[in-house]
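Peer 1: Next come the chains, spelled out residue by residue.
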Amino acid sequence: MVVVDASGLTKIYGQPCGECVDNTGPAVGDNQCPVCGSVVACADIDFELYDGEVLGIVGESGSGKSSLAELLALDSEATAGTVTYEHYDGNLLAAGYQQRHQLQNERIGMVHQHVRDGLELDFSGGGNVAEKLLAAGWREYDAIRDRVRELFTETEVPVSRMDDPTDTYSGGMQRRVQIARAIANDPSLVILDEPTTGLDVSVQARVLDMFRRIQREQDVATIVVSHDLDVIRLLADRTLVMRHGRIIESGLTDRIMEDPHHEYTQTLINSVI
Amino acid sequence: MILELDTVSKNFEMHVLDGRTVPGLSEVSFGVAEGEFVAIVGESGSGKSSLLKCINRTYEPTGGRIQLQTEDGAVDLASCGDREVLALRDQDIGYASQFLTEIPRVPAVDVVARPLWEQGADRAEARSQARTLLSALQLPESLWDAYPATFSGGERQRINFARAVAPQPRVLLLDEPTSALDPETRECALTLLDEYLDPATTVLGVFHNRAVVERVADRVVVLDDAELQRVVDIETYQSENPA
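Chains as they are written, first to last, in the working numbering: chain A, 1 to 273; chain X, 1 to 243.
Hints are computed from structural coordinates only; laboratory data are not their basis.
The beta carbon of each residue, even a glycine, is placed where N, CA and C say it ideally should be.
Do not take every clue at face value.
[As the list claims (entries may be wrong)] Label pairs and their computed distance ranges (CB to CB):
#1 Ser-170/A <-> Ser-44/X: 57 to 65 Å
#2 Glu-71/X <-> Arg-206/A: 48 to 56 Å
#3 Ser-202/A <-> Asp-72/X: 43 to 51 Å
#4 Arg-216/A <-> Asp-233/X: 40 to 48 Å
#5 Ser-7/A <-> Thr-191/X: 49 to 57 Å
#6 Asp-230/A <-> Thr-132/X: 30 to 38 Å
#7 Ser-128/X <-> Asp-44/A: 45 to 53 Å
#8 Arg-213/A <-> Gly-81/X: 46 to 54 Å
Could you put the whole structure together from the sequences, leaning on the hints where they help?
Peer 2: Right, here's the structure in full:
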């Protein structure tokens, strides 16, 4: 079953002149419009995401991956395009303020690249997770504490630290608290934006293993954005390759890795250290 | 025929090498009957692995058709959608690559049990079946719960082999599955194919070792320089290539 169906998804920063999409992209080698100076973060993005599937989005810095993730997480407004989502009637991108918040709280879990975008660092770790539960209508104090404990256990954060301020947590713990928040209300879509950036290697491995276990157990449709091919290889069934704000190649992850077609994808695969 | 290849070609356009095109397979056609064991032989670089990868869709064929008969009808593996390929890999097609490419930090027994879980088997039952396979392949019991990343080439190859065989796919693709095994362990692997697999399983295997080809194959596909040279039954192959 299709969970997300995106068509013509476009995000332009600035005042678009109407020719920005034509004037940018991989063929031009830039994502800034030479006429009006607007930046085309992503344009004409089409894809489908299915139940239980992990879709990888890979590309270099500035390729538009995170902008796309923010659009899908309803954190920013699209310039054009439609997204149908199994829990929403109509174009998700046209959802009103209140509906967006409801979807973000109950149906779509986002793990941000930058911890400050995803967590209130002066709140406790437990408080950050409880905030999500409260927003989804949880009211009973003990039930909320129990659910936070359960989520901390699930995401391998020491329960004994749940009342400590989040800024006293390690980077790996903060990432795990974000994942706990993202899955708190059993969403049907989870978006991970650079889930391992800034973590040292052994911590990266633990975070990825933990997420992979949860994803498999809950069979939740997931979008993983990463510049790291190993992360994509580990998690994704299918992969989109982005450059200059466009999808330049898509396919089965093993096919992308072993039989890359696009010039840029070949360079990317050959660049692995 | 359960599998029918019709003028299957694979060219690699190497943008990183001045856009030159490297032929991997050139208009290869042959059919495979259900339950048949077909060995693919040829020099290194003749296209053997490319052929298996095209069937598994790890490589996307440049031309031709690969018709697979499934319970729901015929599917062209050369052109069907990615989602369909993923579903076929879960149910119908098993593939053991030359080298183990398993996700890190998963114990050997779980690497082998995973395809069974994904088919809906109970976890304990899948692990028990995985242990049976690892035992039949003489992998020391002390390694069953360890991570394969630190294993020797032969040990890793056995994990890879057991993982591909475990879910009893209808079509099994084996790429040099016994190349790193000593003769005794290799015989264990071949015996496992005889005894564990359903007789209706269709196997396409790339082998360098002539004794293995003669031991397992019904027919032999000979590739040379990306082209199909001939397809012969095992008796003809033996008579044409006396030891």
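Peer 1: Would you list, in rising numerical order, the hints stated earlier that this structure does not obey?
Peer 2: 1, 2 and 8
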